[in-house]
Amino acid sequence: MRYDKNYIAGIIIKNEHDACSSEELLILEKWYQSLDDNTQQLDAPAIQDLVKNKIWSEITSKIDAKENEAVSAKVVPLHTKRNLFFFARIAAVLILIVGGYTAYNWQTGAKQTDTIKYISKVNTTGKPMKIILPDKSLIWLETKSSISYPDHFTKNRVVFMDSGKAFFNIAHDASKPFIVESTNGLKATVLGTAFVLEKKSGEHLFKISVFRGKVEVSDNSKKYATLTKNQGVNVNFYTKAAALLAVDSVEMTKWFVAKVALDNVTLHDVAISIKETLGYNVKFSSASLASKPCSITYNETDNVEDILLLLDKIYHTSHSISDSTIKINDQ
Amino acid sequence: MTDFSDYELIKLIREQDDKQAFQLLYNRYWSKLFNLALLKIHNQDEVSDIIQNLFVAIWIKRKELNINNNVDLYLYRSLKNRIINFYKRKYLTDDKIDQLSKTMSGKTESEAENICAYKEIELVINREIASMPNKMKQVYLLSREERLSSKNIADMLSLSDQTVRNQISKAIKRIKLTLEKYNVVNN
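Protein chains in written order, with this note's numbering: chain A, 1 to 331; chain B, 332 to 518.
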């Protein structure tokens, strides 16, 4: 039986005021039973564990936020860096540690003035998921992959990858190296570049392929390789053996859509697109510049600096980037 | 503590603010609740939000938890209410989008703003609440919108628990009568 949404919404509102007739209560119950869809199933046990830990981590963060609101005036400062350092050192099992860290602080009642909240993403959508990090670096996370990252970066930029595959387009920041750390302690360290990190299910191999720039691959015991464009490495995290590979940059981005084509629009429209796709706010030096007609095609995997240089060249502009804001001026 | 019964865990949470007991309760029930909600909502992100909010609410309102032996029943009821509330919000949003698309597709404003059953019900209820005596209105809104227990409302307004219960009961009767009077039968 199909239920009319407005009709059901009406009964729900009545029910909130205990004003339903017995007949309406029966209809509400039948409608509720009709929602069942038995085809919906949770993923494999490993993913279930990630979901469980992710939800718990969110619960403790939300409770902390609510309780901190009430006690903020009485909070005793406890330096976050020390906690983070400790956290980074013992990061062996990503999600468990992230969940455990939150839970530990939560259970012991530790308070922090500069609380770093870790966000865990488990992609169960069946398609690639795009994530914009606080520093405007972009990640495409393949389905059934998982990653955790802080809600803001401090001294370093460290994100944790547990399983699956992700493409990273890292925003350049010479003062803060960007590190992707796997559950097995393997680290990819970069300044501003793009690469793919992949851990195949059931295999003891990590594969790192470089799309642009330079990536250093290491763990606490050794440095495996320094890779540049179209180079990759397979690292067996049991034997610590590494094998260098030649990789195809086209293959690296084939599994997600990152092309943005804007035809016959204004620079203001381009600014909106940049905000949506790359996360930067764009300001213009004048209204007339913003309304200038424009056509441009770019890839989200491109360096934002390259996209802006292209705009400068075509439309005779100059630009500057400060934090998450791009300023475009008439030349 | 893993051997503790649900009731013992709730007691520890309520009386000793025991966070370990709270996590054990979560570990014990998250999967059953998640699967049940997924059966009804079919979207893991939405379900995750609902489970999070359910457990956050349990912790925040732990001092008022009045659960005896049927902890599972309490959790399933809370979940059911949240699932129903999710659909209410969804249906109302869908309706707003429908109305907007009708307006944008060139239909007249009056055509696009056909009064829906739920809107009429909401209107009648809100008018009735507005016309209640101040104390009754205050008590009723605290019970419905803030979801406070009668004991909490009584403490807050310096009334007896029984007075609060009476006021809520009278308010519900008024709303029911008004709905009957306006013949708001949404079918």
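Just so you know, the hints here were simulated from the structure itself, not pulled from any lab data.
Each residue gets a CB set at the ideal place from its N, CA and C atoms; glycine is no exception.
Certain hints may be false.
As the list claims (entries may be wrong) - Covered by chain B, per the in silico footprint, the following chain A stretches (three or more residues, Cβ under 8 Å):
#: 1; stretch: 54 to 62
#: 2; stretch: 303 to 309
Claimed, not checked - Label-pair ranges, simulated between beta-carbon atoms:
#: 3; chain 1: B; residue 1: Asn-457; chain 2: A; residue 2: Glu-251; range: 58 to 66 Å
#: 4; chain 1: A; residue 1: Leu-25; chain 2: B; residue 2: Glu-477; range: 20 to 28 Å
#: 5; chain 1: B; residue 1: Met-467; chain 2: A; residue 2: Leu-26; range: 26 to 34 Å
#: 6; chain 1: A; residue 1: Asp-49; chain 2: B; residue 2: Arg-408; range: 49 to 57 Å
#: 7; chain 1: A; residue 1: Asp-173; chain 2: B; residue 2: Lys-466; range: 37 to 45 Å
#: 8; chain 1: B; residue 1: Ile-391; chain 2: A; residue 2: Lys-214; range: 42 to 50 Å
#: 9; chain 1: B; residue 1: Met-467; chain 2: A; residue 2: Lys-327; range: 33 to 41 Å
#: 10; chain 1: A; residue 1: Ser-320; chain 2: B; residue 2: Asn-374; range: 35 to 43 Å
#: 11; chain 1: A; residue 1: Asn-15; chain 2: B; residue 2: His-373; range: 53 to 61 Å
#: 12; chain 1: B; residue 1: Met-467; chain 2: A; residue 2: Gln-33; range: 46 to 54 Å
#: 13; chain 1: B; residue 1: Ala-461; chain 2: A; residue 2: Ser-320; range: 51 to 59 Å
Hints, one by one, checked against the model:
1. 54 to 62: holds (count 6)
2. 303 to 309: violated (count 0)
3. B:Asn-457 to A:Glu-251: 58 to 66 Å: Roughly 59 Å apart at Cβ, these two residues keep to the hinted range, so it holds.
4. A:Leu-25 to B:Glu-477: 20 to 28 Å: Since Leu-25 (chain A) and Glu-477 (chain B) have Cβ atoms about 24 Å apart, the given range 20 to 28 Å holds.
5. B:Met-467 to A:Leu-26: 26 to 34 Å: The hinted range 26 to 34 Å holds for Met-467 (chain B) and Leu-26 (chain A), with Cβ atoms some 30 Å apart.
6. A:Asp-49 to B:Arg-408: 49 to 57 Å: Between Asp-49 (chain A) and Arg-408 (chain B), where Cβ atoms are some 27 Å apart, the hint is violated.
7. A:Asp-173 to B:Lys-466: 37 to 45 Å: 60 Å, violated
8. B:Ile-391 to A:Lys-214: 42 to 50 Å: Distance hint for Ile-391 (chain B), Lys-214 (chain A) holds at roughly 49 Å.
9. B:Met-467 to A:Lys-327: 33 to 41 Å: 58 Å, violated
10. A:Ser-320 to B:Asn-374: 35 to 43 Å: 42 Å, holds
11. A:Asn-15 to B:His-373: 53 to 61 Å: This hint is violated: roughly 22 Å between Cβ atoms.
12. B:Met-467 to A:Gln-33: 46 to 54 Å: The hint (46 to 54 Å, Cβ to Cβ) is violated, given that Met-467 (chain B) and Gln-33 (chain A) are roughly 36 Å apart.
13. B:Ala-461 to A:Ser-320: 51 to 59 Å: This hint holds: roughly 55 Å between Cβ atoms.
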